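Got chain G sorted already, so can you dock chain B onto it with the hints?
Line order of the protein sequences matches chains G and B. Each residue of the first sequence is one higher than the one before, starting from 1 at the first, in my numbering. Each residue of the second sequence is one higher than the one before, starting from 1 at the first, in my numbering.
For the record, the hints were derived by calculation from the structure and aren't laboratory data. Honestly, I wouldn't trust all of these hints.
[Claimed, not checked] Footprint (simulated), chain G over chain B, 3 or more residues, beta carbon under 8 Å: (1) 146-159; (2) 368-378; (3) 404-416; (4) 435-448; (5) 496-507.
[What the hints assert, rightly or not] To give an idea of the chain G side of the interface with chain B (calculated C-beta under 7 Å), a few residues: (6) LEU145; (7) LEU451; (8) TRP499.
Predicted, not measured: the structure shown is a model, and the values here were computed from it. The beta-carbon is built from N, C-alpha and C at its ideal position, and this holds for glycine as well.
Protein chains: 2
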Amino acid sequence: MNTPMLQGLSLMGYGLAERGAVSFQARNPATGAVLPPHFYRASEADVNHAVVLAEAAAPQYAALGGVVHGAFLRCIAEQLEALADELAMVVPQETGLPEARVRGELARTTGQLRLFASVAEEASWVDARLDSAQPERLPQPRPALRSHLQAIGPVGVFAASNFPLAFSVAGGDTASALAAGCPVVVKAHPAHPATSELVGWAVVAAAQVLDLPEGVFSLLFDDGITVGQALVRHPALRAVGFTGSLRAGRALMDLAAARPVPIPVYAEMGSVNPVVALPRALTHCAELIADGLAASVALGNGQFCTRPGLLLAVDGEGYVRLRARLLGKLALIPIAPMLTARNAAAFHDDIATMAKQAGVVQLLGATYGEYQSGPVVLEIDAQNLLNQPALAREVFGPSILLVRCASALEMLTILRRLDGQLTATLHAEPEELADWPGLTALLASKAGRVLFGGVPTGVEVCPAMVHGGPYPATADSRSTSVGTAAIQRFARPVCYQNWPEALLPPALQLANPLSIWRLVDGQRQR
Amino acid sequence: MNTPMLQGLSLMGYGLAERGAVSFQARNPATGAVLPPHFYRASEADVNHAVVLAEAAAPQYAALGGVVHGAFLRCIAEQLEALADELAMVVPQETGLPEARVRGELARTTGQLRLFASVAEEASWVDARLDSAQPERLPQPRPALRSHLQAIGPVGVFAASNFPLAFSVAGGDTASALAAGCPVVVKAHPAHPATSELVGWAVVAAAQVLDLPEGVFSLLFDDGITVGQALVRHPALRAVGFTGSLRAGRALMDLAAARPVPIPVYAEMGSVNPVVALPRALTHCAELIADGLAASVALGNGQFCTRPGLLLAVDGEGYVRLRARLLGKLALIPIAPMLTARNAAAFHDDIATMAKQAGVVQLLGATYGEYQSGPVVLEIDAQNLLNQPALAREVFGPSILLVRCASALEMLTILRRLDGQLTATLHAEPEELADWPGLTALLASKAGRVLFGGVPTGVEVCPAMVHGGPYPATADSRSTSVGTAAIQRFARPVCYQNWPEALLPPALQLANPLSIWRLVDGQRQR
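So that you can see chain G by itself, here it is in the shape it has in the complex:
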């Protein structure tokens, strides 16, 4: 692909937005340097234009079918790979992330695109169901009924700051929506606009290679909230994907719920990801658990939504060993830039506030200037946490709060009162679980993913992954934003009654031309 020079303009279908009145620039968080070029905020008219294009493209794009949707995603992956060297240069400038991480995240992104391509091509995800007619049935004949999932229509995607490729312009939300047959309008994250524009061009190029209807993809720039608000309010938008803070995610949820026609919001809003260490596991493995936790807390300078932010343990010799080892390990981690000055400032403020609360002791860490941060360890006893439940909420950065419980009962009480979580991790010897009846069910009632051992960071992209969980971890606990099931967010079932065979969608034709798994008169078959 011949990458166009960066324009700083929103990509409107196959065209460009006009240069608007307001512009912004990214900054290099490692140096503080302002980066060229200027990016121009999209206007309300631009938002409208992008969604109207998407609405017009929607039926035609959906009707192209899974094979074309898959080819589109594969082509995006190729276009991105062709940009690898350029991205390896641009992404670190905008994010402070090291080149190796960027290349790794690019591989994750293209792998994700190809996984969704294979889901679209294989096509069984549409959950086709065929019930035969029973013309002789009494008192009423039964009609022929066939249903499957169809694309929901234009989807608005809000890119995240912490995965500039994998949860951004061509990340999981975009890939799963395009795989489902939905046009996508992305609101770029203002912290990495050049990255966004490069990736945006890759998507546009792939759409052009496949001669897809204009409007199947658009990309809007804004460093404020007006574009996002206009996008969510647009009457032709049908669903929203979002990864970011609880505050911003809830604002979008409220906006979507207040529309004349409410639409679903799939907001992944982070989590404190509790880690529970039971006594025998601590006795036998305190150091091993501590080593894993230290690496997981510090990974990506703590800017992962699955970073373990809360450790619960019953006080005792094992806990004391874990704490000592964790402090020793984290003390060795050098300070490093965070993704943005805003992230750094928010993290420093949050830690300073937490450290002042009753019973909180700061064991490690301080503040480190405008962009940088290093690991922070805080400690509290269970009673003080129970009195101040807000302390068990997410802080975005490399911190962990150790909760010293006097008893199993205290620990269970805290767990019962926790908010919804993306993950919950249990360190236990299998035998000691008999002493903790209901603990597994309790953890599963709180989180989308429960781990036995290990650390919650590292979210596999595969069929069984659930990157979701009860509010406030996500807006909609019935969904996942990572893994193949993410495609189901952007579809709804449609039933065809007594429809002529030749006029049915291929997934519902009796001959099963797509060779997909279907439920035929209640029996699963292919």
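Only chain B this time, still in chain G's reference frame:
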């Protein structure tokens, strides 16, 4: 079952609510007679007590598994069958429905309970996914990941007036929630409280037969909105099922969205159910189409959410024949009681208002007193409808608005601007569809179920049924409230990472002790 005398008190788990300060009585819509006994409005404390019981029962009930959930539903069906003669007496008194309809609806209700029982027992609905560990994978080993759908927790169900059995206390919402493993708190419809109490006792008796945890079911009475509001606001409630009006459904949606922790609302709020008749079908089958429409409009005195309320056709000889035949058929339908005085008054007001709008001509029908109504036919031309889109909304009663279009373009324009619908029906000769490109996709984009010929009333209970559709037909177009897929509304996915085999839920154990269909390393197998 020995039915207890009717108490008029809310059923709180295995107990009864106190007698409150406010009571109400049902009325026989055929005679206007006030019916005994008094029913006492539940208090806020009762609502809290019911939901707290449900919350306590939730993990234990969920853990009992699909075989027990299925046995519970089957036992409810048996208890209801034992009440058949009593229901055949009580339901007509409260609803004016004939005994034959009540016995038919009871069979539908018990059939539905047994269908959900078989879904729970078969258990493949949990969408189990197993991805093997890859300990050697580079750069990171892959953990073992296994996910399935788990019960979401206590569900609030709002009963409908128009199906006093099938969409009421032990109707589809209750059956699917109990099948998914969720406790249910029902808010009874005030129009048929004795029916509700009888059915409620049947559910309680079944729960006692199976020795289920108290709180798996409760039933609350109220003739106002305070109980429903308190139920939806209760922090331990996890989802809402509702069938009723758009106004009431939207109020519950707004209430649920404004909670500190928003919860999903599955509200089925009705629909105008457009019927499109293309020219050649009209030429060949105007009378056949008219006969079907007349029967469908008049069925149940028009009080079905799938009643066809809008007919679209291009003006011409075929349309004139259809209109004449429809008027002739509907003129023969005798007036009959509606379900409630409120329904009758609302219907009469709605028709009177519609008849006054520009271009509307009333061809049949007038108002008929406090409880009764008969068929109403209105006509308008397309331009006048386009100028007054509110006329294309649901009126609850036996009416139909005929829309005379001057051209195909006018008809398509109206269809494009229609709200979301439960159903859309197309009468066409298959050959003439070539002249209407995009029409099938347009109908499918508007509705949960599209019919080729026939009439939209008559909602099959089967795997392929979709009784859903875009807002305002329902709150959540991704779901159905009828058919086996309705169970998925009350579950969310949970992923177990590296969990010890013996501690996993049976659905996720490698040996597949439940013999369910699963996705194992991307392959569907049993």
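Against the structure, the hints come out as follows:
1. Residues of the stretch 146-159 of chain B with a Cβ under 8 Å from some Cβ of chain G number 5, which satisfies the need for three, so the listed coverage holds.
2. Taking a C-beta to C-beta cut-off of 8 Å, the stretch 368-378 of chain B contributes 0 residues in contact with chain G, too few for the three needed, and the coverage statement is violated.
3. Evaluation of the coverage hint for the stretch 404-416 of chain B: breached, as 0 residues show C-beta separations to chain G shorter than 8 Å, against a requirement of three.
4. Given as covered by chain G, the stretch 435-448 of chain B passes the check, having 8 residues with a CB less than 8 Å from a CB of that chain where 3 are the minimum.
5. Against chain G, the stretch 496-507 of chain B contributes 7 residues with a C-beta closer than 8 Å to a partner C-beta. That satisfies the three-residue criterion, and the hint holds.
6. Hint on LEU145 (chain G) holds. Least Cβ distance to chain B is approximately 4 Å, under the 7 Å limit.
7. A least Cβ separation of about 4 Å between LEU451 (chain G) and chain B falls short of the 7 Å threshold, and the interface hint therefore holds.
8. At its closest, the beta carbon of TRP499 (chain G) sits 4 Å from a beta carbon of chain B; the interface hint therefore holds under the 7 Å criterion.
The structure fails hints 2, 3 (numbered hints given earlier, in ascending order).
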